[in-house]
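Enquirer: Listed here are the chains, written in short residue letters.
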Amino acid sequence: AQSVTQLGSHVSVSEGALVLLRCNYSSSVPPYLFWYVQYPNQGLQLLLKYTTGATLVKGINGFEAEFKKSETSFHLTKPSAHMSDAAEYFCAVSESDSWGKLQFGAGTQVVVTP
Amino acid sequence: EAQVTQNPRYLITVTGKKLTVTCSQNMNHEYMSWYRQDPGLGLRQIYYSMNVEVTDKGDVPEGYKVSRKEKRNFPLILESPSPNQTSLYFCASSLRGSESNQPQHFGDGTRLSIL
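Going line by line, the protein sequences match chains A and B. FYI, the working numbering numbers position 52 of the first sequence as 52, with every residue one higher than the one before it. FYI, the working numbering numbers position 66 of the second sequence as 66, with every residue one higher than the one before it.
Think of the hints as simulated: they come from the structure by calculation, not from any bench. Note that the structure is predicted; figures quoted are calculated from it, not measured. Where a beta carbon is used, it is the ideal one built from N, C-alpha and C, also for glycine. One should not assume that every hint holds.
Stated by the list, open to error - Here are the simulated DMTMM-like pairs of lysine to aspartate or glutamate, each with C-alpha atoms no more than 25 Å apart in a straight line: (1) B:57 x B:79; (2) A:101 x B:70; (3) A:58 x B:70; (4) A:69 x B:70.
Unchecked claim - Which chain B residues stay away from chain A? Per the calculated CB distances, all over 10 Å, these: (5) 45; (6) 52; (7) 104.
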């Protein structure tokens, strides 16, 4: 069975500082991994995904994530936070390339301070 | 414009009064899902559908029904709503993973309050 753990339900970061959101997963097969962002009163928007191949994945809005199989991790980073990055972020895993069944983490709320 | 449309966006109702939340997608996607989002729990899948007339339970199906009679529509039915079903609900759709760069397209959500 697949599961996802996001460390830290709330993260506060200064504008211009590094954003680091942690995600660890468990999966019985090679996983497909995703990060989504949710802005207030909106649905989820895909930031990036890992399927196969290169373990460092670049996404939209300057975000990237690295798949580390040995650590079962898929942490999300952005070198320099912007006020517009304030949102909730969800890590998700799928064990099937159908992607119809995603398992989400509990989410991390990011606050960006001036 | 590619989109997943949910209706209503907001609903306040009372225990036991049957309700339906509609979901429609215009992308000809095979897969459709319903999730509920609760604070501290993230999104949990209620039901999903792999194609017309093919549905399966997700992680939290109790108290919900779905149907998939047409490819574009995937309504969520609460036959006898209870207060513990107060939540934010999302519908999502997708192509088969290998055929898509976007795993799931999400609607804007439906906020249900059951009194």
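Enquirer: Does each hint hold? Answer for all of them.
Expert: Against the structure, the hints:
1. The hinted pair formed by residue 57 (chain B) and residue 79 (chain B) meets the criterion: a straight-line CA distance of about 16 Å does not exceed 25 Å.
2. A threshold of 25 Å between alpha carbons decides the hint, and for residue 101 (chain A) with residue 70 (chain B) the separation of about 20 Å falls inside it, so the pair holds.
3. Pair hint residue 58 (chain A) plus residue 70 (chain B) does not hold up; C-alpha atoms about 36 Å apart against a cutoff of 25 Å.
4. For the hint pairing residue 69 (chain A) with residue 70 (chain B), the CA-to-CA distance comes to about 40 Å; that exceeds 25 Å, so the pair is violated.
5. Residue placement check: residue 45 (chain B) does not keep its beta carbon more than 10 Å from all beta carbons of chain A (closest about 6 Å).
6. Even its closest Cβ contact with chain A, about 14 Å, leaves residue 52 (chain B) beyond 10 Å, as expected for a residue assigned away from the interface.
7. At the 10 Å boundary, the C-beta of residue 104 (chain B) falls inside the reach of chain A, the nearest C-beta of that chain being 7 Å off.
Taken one by one, the earlier hints fail for this structure at numbers 3, 4, 5 and 7, listed in ascending order.
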